[in-house]
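K.L.:
Letter by letter, the chains look like this.
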Amino acid sequence: MSRFLLDPRRRTRLLAALLVLAVGALGASGGARYLAHLLALAGAMATAALGLALVQGRAGQVCLGQGAAMAAGAYTWAALAPRSLPLALAAAAAAGALAGAAMALPARRLSGLPLALASMACAVIAEVLAMRAVAFTGGTAGRFVALPALSAFDEASVALAFSTLCLGLAVLLLYRLDRAALGRAWRALAQAPEAALALGLDVGGLRQLAFVASGLCGGLGGAAYAQTLGFISPEQFALPLSFELLVIAFLGGLRHPAGIILASLAFVALPELADRLRPLVGALGGWDPLVLGLTVVFVAVFRKMD
Amino acid sequence: MSLAPEVVLGGAAQGCLYGLTALSLVFLYRATGVLSFMQGEAMAAGAYVAVGLAALGAPLALAALGAIAAGYAFGALAARCALEPVRTRAPWVATLATFGLALALRGVLLSLPAATQGWYRFDWVGEGRWLGLAARQWAVMLAAAGVAAAFALLLRGTDWGRRVRASAEDAVTAERLGIDVARLRRQAWGVGTALAVAAGLASAPVTFVHPELGSLALNAFPAAVLGGMKPGPAVLAAGVALGVLEALAAWQLPPGGKELLLQLVLIAALLALPRERVAAP
Numbered sequence: 001m002s003r004f005l006l007d008p009r010r011r012t013r014l015l016a017a018l019l020v021l022a023v024g025a026l027g028a029s030g031g032a033r034y035l036a037h038l039l040a041l042a043g044a045m046a047t048a049a050l051g052l053a054l055v056q057g058r059a060g061q062v063c064l065g066q067g068a069a070m071a072a073g074a075y076t077w078a079a080l081a082p083r084s085l086p087l088a089l090a091a092a093a094a095a096g097a098l099a100g101a102a103m104a105l106p107a108r109r110l111s112g113l114p115l116a117l118a119s120m121a122c123a124v125i126a127e128v129l130a131m132r133a134v135a136f137t138g139g140t141a142g143r144f145v146a147l148p149a150l151s152a153f154d155e156a157s158v159a160l161a162f163s164t165l166c167l168g169l170a171v172l173l174l175y176r177l178d179r180a181a182l183g184r185a186w187r188a189l190a191q192a193p194e195a196a197l198a199l200g201l202d203v204g205g206l207r208q209l210a211f212v213a214s215g216l217c218g219g220l221g222g223a224a225y226a227q228t229l230g231f232i233s234p235e236q237f238a239l240p241l242s243f244e245l246l247v248i249a250f251l252g253g254l255r256h257p258a259g260i261i262l263a264s265l266a267f268v269a270l271p272e273l274a275d276r277l278r279p280l281v282g283a284l285g286g287w288d289p290l291v292l293g294l295t296v297v298f299v300a301v302f303r304k305m306d
Numbered sequence: 001m002s003l004a005p006e007v008v009l010g011g012a013a014q015g016c017l018y019g020l021t022a023l024s025l026v027f028l029y030r031a032t033g034v035l036s037f038m039q040g041e042a043m044a045a046g047a048y049v050a051v052g053l054a055a056l057g058a059p060l061a062l063a064a065l066g067a068i069a070a071g072y073a074f075g076a077l078a079a080r081c082a083l084e085p086v087r088t089r090a091p092w093v094a095t096l097a098t099f100g101l102a103l104a105l106r107g108v109l110l111s112l113p114a115a116t117q118g119w120y121r122f123d124w125v126g127e128g129r130w131l132g133l134a135a136r137q138w139a140v141m142l143a144a145a146g147v148a149a150a151f152a153l154l155l156r157g158t159d160w161g162r163r164v165r166a167s168a169e170d171a172v173t174a175e176r177l178g179i180d181v182a183r184l185r186r187q188a189w190g191v192g193t194a195l196a197v198a199a200g201l202a203s204a205p206v207t208f209v210h211p212e213l214g215s216l217a218l219n220a221f222p223a224a225v226l227g228g229m230k231p232g233p234a235v236l237a238a239g240v241a242l243g244v245l246e247a248l249a250a251w252q253l254p255p256g257g258k259e260l261l262l263q264l265v266l267i268a269a270l271l272a273l274p275r276e277r278v279a280a281p
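Each protein sequence line maps, in turn, to chains A and B.
Reminder that position 106 of the first sequence reads as 106 in my numbering, one-by-one numbering, no gaps.
Reminder that position 269 of the second sequence reads as 269 in my numbering, one-by-one numbering, no gaps.
Check each hint, because a few of them may be wrong.
[Stated by the list, open to error] Not the full set, but computed from the structure, chain B residues with beta-carbon under 8 angstroms of chain A:
#1 VAL86
#2 ARG106
#3 LEU154
[Claimed, not checked] Example chain A residues on the side facing chain B (calculated, C-beta under 7 angstroms, incomplete):
#4 VAL62
#5 VAL247
#6 PHE250
#7 LEU284
#8 PRO289
#9 LEU290
#10 LEU294
#11 VAL296
For the record, the hints were derived by calculation from the structure and aren't laboratory data.
Note that the Cβ used here is the ideal one computed from N, Cα and C, for glycine as well.
Can you make the complete structure from the sequences, with help from the hints?
P.N.:
Take a look at the structure:
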């Protein structure tokens, strides 16, 4: 048994199987609508985390502000979805890309840790703007997302379908870019920045493009997030969200979309599972952050990185 | 306009706390190569330990020392169990581990009914006013200066400090010279966390002790970068400058203005600093 657990690939498979079992048990206990809601939420988180896989797994830069791109996409979707769905989706993706571009403004001069800190500053700025632009965002009170009228289906199914669509678009983008010249240039930038410079690649521009593409995924994820929850407020998009997305991207494996999707499923299922265990621990106010934090530390220590 | 000196002095008191927190951040970054996101939670948890010890009947000075020792123990233990094992595997994983530890600490704090149901004071100063400021604010400034001076002495004047600085400069050579670099890094995690606890205790007279006490650590990042990412008086001075700037912005700008201003200062400082100063060691 211990030998079985020492093999990292088997350990990963075992974890994946346990996860599927856990989500299945959650679905069995909560019903189909509940399961659809969980899956839709996981899809939204995975969509945004795939952007980080782009900016980090490909271009080798760290983004600490993906929550800002999600916020841009979510609020744009909430504002435009009642008018036209395709327009709202395109606008949400564009708003996310714009947020990514704003984060990457210093990317011509900065890289690595300074650039990561600049993106974190942008995430804080985005949260403040979301709190103050009351007419557009509803301020700290938040705003409801008017759900498109599809009377034949319930909300959770609509959200799941939409979330799957956004996830599919992000995966498609990732695969297309991996096979394009741009993807190869990013990999060169990540693995040998000096060689990339010597080859005459526009290193600063490549970093900026990576953030724009990542922001686009973030915008799509934000739209799916808003559609799934039906209500958004600024503190949902505060710094912890950016960090949680980073945790999903890192611990899921930056190179593998499947790993990221599984990790976001685990991330969504974990608080629900912790909630089921609550009768065992009684009224602990900090049970959720405690379980989440210890899981992050545990997985960081025991997961084999690639 | 007659309020201006008091606004500036009050901002400076708050800024001392930013500077002190930034000092712990920068020290850990230089000594271990990891950007820590658990300094704020360490501040809050340490303040609660001190409150708890004082409630058990310990004198205030002893309670403060106990909390600082607990901070050292937590930092060193976290380094041994989680942060050092992941450090070499991939960059940023250790940073994410500090985020996980911060969440766990926060979870523990929120789970203590006594911690969430009341507001506590760890007041080692008392009432009084001098030159328009409360004695508490003067005490915060003095405490910050004292802690920073003691830390500078530890880093510059002792053998341990020399070994830490040598290992941060060039780990391979330090190892060859017989310095146990890994052990030193664990100790550095302990000292950095203890320093954050000291900052939390310094802030306790003016802010009360509550689970959100550590939220001021967010403003330690601009102070750290503005101070040049090197442990020294520049970081403390940058913190004071930011505190004053924040106080003036809160006084004159519309709500939300001070947060925006500090983050814009962070971006500007990142762009203005010479590159090798902020690059990974």
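K.L.:
Using the nearest Cβ pair, does A:PRO289 come within less than 7 angstroms of chain B?
P.N.:
Because about 4 angstroms separates A:PRO289 from the closest Cβ in chain B, which is inside the 7 angstroms limit, the hint holds.
K.L.:
Holds or violated: is there a CB of chain B closer than 7 angstroms to the CB of A:LEU290?
P.N.:
3 angstroms, holds
K.L.:
Once the shortest beta carbon distance from B:ARG106 to chain A is found, is it less than 8 angstroms?
P.N.:
At about 5 angstroms, which falls below the 8 angstroms cut-off, the nearest Cβ of chain A leaves the hint on B:ARG106 intact, so it holds.
K.L.:
Go through the hint on A:VAL296 and say holds or violated, using the shortest Cβ distance to chain B against 7 angstroms.
P.N.:
Nearest chain B Cβ about 3 angstroms off; hint holds.
K.L.:
Per the CB criterion, is A:LEU294 less than 7 angstroms away from chain B?
P.N.:
5 angstroms, holds
K.L.:
For the hint on A:PHE250, just tell me whether its beta-carbon gets within less than 7 angstroms of chain B.
P.N.:
6 angstroms, holds
K.L.:
Tell me if A:VAL62 is really an interface residue toward chain B, meaning its C-beta lies closer than 7 angstroms to one of theirs.
P.N.:
6 angstroms, holds
K.L.:
Should the interface hint for A:LEU284 be scored as holding, given a Cβ-Cβ cut-off of 7 angstroms against chain B?
P.N.:
Hint holds; A:LEU284 Cβ to chain B Cβ min 4 angstroms, cut 7 angstroms.
K.L.:
Does B:LEU154 meet its interface restraint, that is, does its C-beta lie within less than 8 angstroms of any C-beta in chain A?
P.N.:
26 angstroms, violated
K.L.:
Can the hint on A:VAL247 be confirmed by a CB-to-CB distance to chain B that is less than 7 angstroms?
P.N.:
Given a least distance of 6 angstroms, the restraint on A:VAL247 holds.
K.L.:
A closest beta-carbon separation below 8 angstroms is what the hint needs, so does B:VAL86 meet it against chain A?
P.N.:
Because about 5 angstroms separates B:VAL86 from the closest Cβ in chain A, which is inside the 8 angstroms limit, the hint holds.
Violated hints amount to a single one, hint 3; each of the other numbered hints is respected by the structure.
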